[in-house]
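**Student:** Let chain A serve as the given structure and place chain B on it in line with the hints.
There are 2 protein chains.
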Amino acid sequence: MSNQELEELRSKLDEINLKLLELLNERAEIAQLIGHLKTKQGMVKFDPVREREMLNELVKHNRGPFDDNTVRHLFKQIFKASLELQEENKNKQLLV
Amino acid sequence: MSNQELEELRSKLDEINLKLLELLNERAEIAQLIGHLKTKQGMVKFDPVREREMLNELVKHNRGPFDDNTVRHLFKQIFKASLELQEENKNKQLLV
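If you read the protein sequences in the order shown, they are chains A and B. When you number the first sequence by UniProt numbering, it's gap-free, plus one each residue, and the end is 96. When you number the second sequence by UniProt numbering, it's gap-free, plus one each residue, and the end is 96.
If we strip away everything but chain A, and leave its shape as in the complex, we get:
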């Protein structure tokens, strides 16, 4: 009985994992487009002010159970991965 409950919760987690993956990649695509635009305009990629604004907005909307510090930590990792993706693309362009 309880094992069935556990299995049901786990399959919900699996569903959410895939939704998260999809959203993360969708986000990464948009970050890439922003990177291309910034390259064209000669703008720097890393914008600490914009990043802080995004984090503040996220914390403002955070209703838990993750606390604000965890939300900040997880999104900083996401921002960092997106920035690395933009840099990789820039390096690829330099190699062409």
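Be aware that one or more of the hints could be misleading.
No copy labels: a pair is met if it fits in one copy or bridges any two.
[Unchecked claim] Here are the simulated lysine-lysine pairs, DSS-like style, with alpha carbons at most 25 angstroms apart:
{"hint": "1", "residue 1": "K80", "residue 2": "K60"}
{"hint": "2", "residue 1": "K12", "residue 2": "K38"}
{"hint": "3", "residue 1": "K60", "residue 2": "K40"}
{"hint": "4", "residue 1": "K60", "residue 2": "K38"}
{"hint": "5", "residue 1": "K19", "residue 2": "K45"}
{"hint": "6", "residue 1": "K19", "residue 2": "K40"}
{"hint": "7", "residue 1": "K12", "residue 2": "K40"}
{"hint": "8", "residue 1": "K40", "residue 2": "K80"}
{"hint": "9", "residue 1": "K19", "residue 2": "K76"}
{"hint": "10", "residue 1": "K19", "residue 2": "K80"}
{"hint": "11", "residue 1": "K80", "residue 2": "K12"}
{"hint": "12", "residue 1": "K60", "residue 2": "K19"}
{"hint": "13", "residue 1": "K45", "residue 2": "K12"}
{"hint": "14", "residue 1": "K38", "residue 2": "K80"}
{"hint": "15", "residue 1": "K76", "residue 2": "K38"}
{"hint": "16", "residue 1": "K45", "residue 2": "K80"}
These are calculated hints, taken from the structure and not from any lab test. Values in this document were obtained by computation on a predicted structure and should not be read as measured data.
**Tutor:** Here is chain B on its own, set in the frame of chain A:
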């Protein structure tokens, strides 16, 4: 013109950020429920086999632009935060 394009892309990112936040907290709630069940059944919280299975499933569905290592890294952070949340709740229960 291009600044408008940048603003549009940024507002899409903001939307996705909030959706990610919502899904992350939804995921955290389910992880908490799993934690409670495991406590009741005297099971250990950290399950490396289950974690590896989830990561494999995510990598199998990854269509990029994030590469598989980045997907693994980001989800490991999410799993870790969820586990910490389960441990915090356990400590709170011990204090009551």
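**Student:** From the Cα coordinates, with 25 angstroms as the cut-off, is the pair K45 and K80 best called within, between, both, or neither?
**Tutor:** Result: close within a single copy only, 11 angstroms intra versus 29 angstroms inter.
**Student:** Give the relationship of K76 and K38 under a CA distance limit of 25 angstroms: within one copy only, between copies only, both, or neither.
**Tutor:** Only inside one copy: K76 and K38 sit 20 angstroms apart there, 30 angstroms across copies, limit 25 angstroms.
**Student:** Measure nothing new, just compare the shortest in-copy and cross-copy C-alpha distances for K60 and K40 to 25 angstroms and report within, between, both or neither.
**Tutor:** Neither. Shortest intra-copy (33 angstroms) and inter-copy (34 angstroms) distances fail the 25 angstroms Cα cut-off.
**Student:** When no copy is named, should K12 and K40 be tagged within, between, both, or neither for a Cα gap of at most 25 angstroms?
**Tutor:** Between copies, since 20 angstroms is at most 25 angstroms while 42 angstroms is not.
**Student:** Quick one: K19 to K76, C-alpha cut-off 25 angstroms, is that within a copy, between copies, both, or neither?
**Tutor:** Cα proximity of K19 and K76: in one copy and across copies (20 angstroms, 16 angstroms).
**Student:** Which holds for K38 with K80 at a C-alpha limit of 25 angstroms: within a copy, between copies, both or neither?
**Tutor:** Close inside one copy (17 angstroms), not across copies (34 angstroms); limit 25 angstroms.
**Student:** Checking an output row: K19 and K40, CA cutoff 25 angstroms. Within, between, both or neither?
**Tutor:** neither (32 angstroms within a copy, 29 angstroms between copies)
**Student:** With identical chains, the pair K19 and K80 could be close in the same copy or across copies; at 25 angstroms between alpha carbons, which is it: within, between, both, or neither?
**Tutor:** both (20 angstroms within a copy, 19 angstroms between copies)
**Student:** Evaluate K45 and K12 at a C-alpha cut-off of 25 angstroms and name the case that applies: within, between, both or neither.
**Tutor:** Answer is between; shortest inter-copy Cα gap is 17 angstroms, intra-copy 36 angstroms.
**Student:** At most 25 angstroms between C-alpha atoms: does K12 with K38 qualify within a copy, between copies, both, or neither?
**Tutor:** between (39 angstroms within a copy, 16 angstroms between copies)
**Student:** First find the shortest C-alpha distance between K40 and K80 inside one copy, then the shortest across copies, and answer within, between, both or neither for a cut-off of 25 angstroms.
**Tutor:** within (21 angstroms within a copy, 38 angstroms between copies)
**Student:** At most 25 angstroms between CA atoms: does that hold for K60 and K19 within a copy, between copies, both, or neither?
**Tutor:** both (23 angstroms within a copy, 14 angstroms between copies)
The structure does not agree with the numbered hints 3, 4 and 6 stated previously, though it agrees with the rest.
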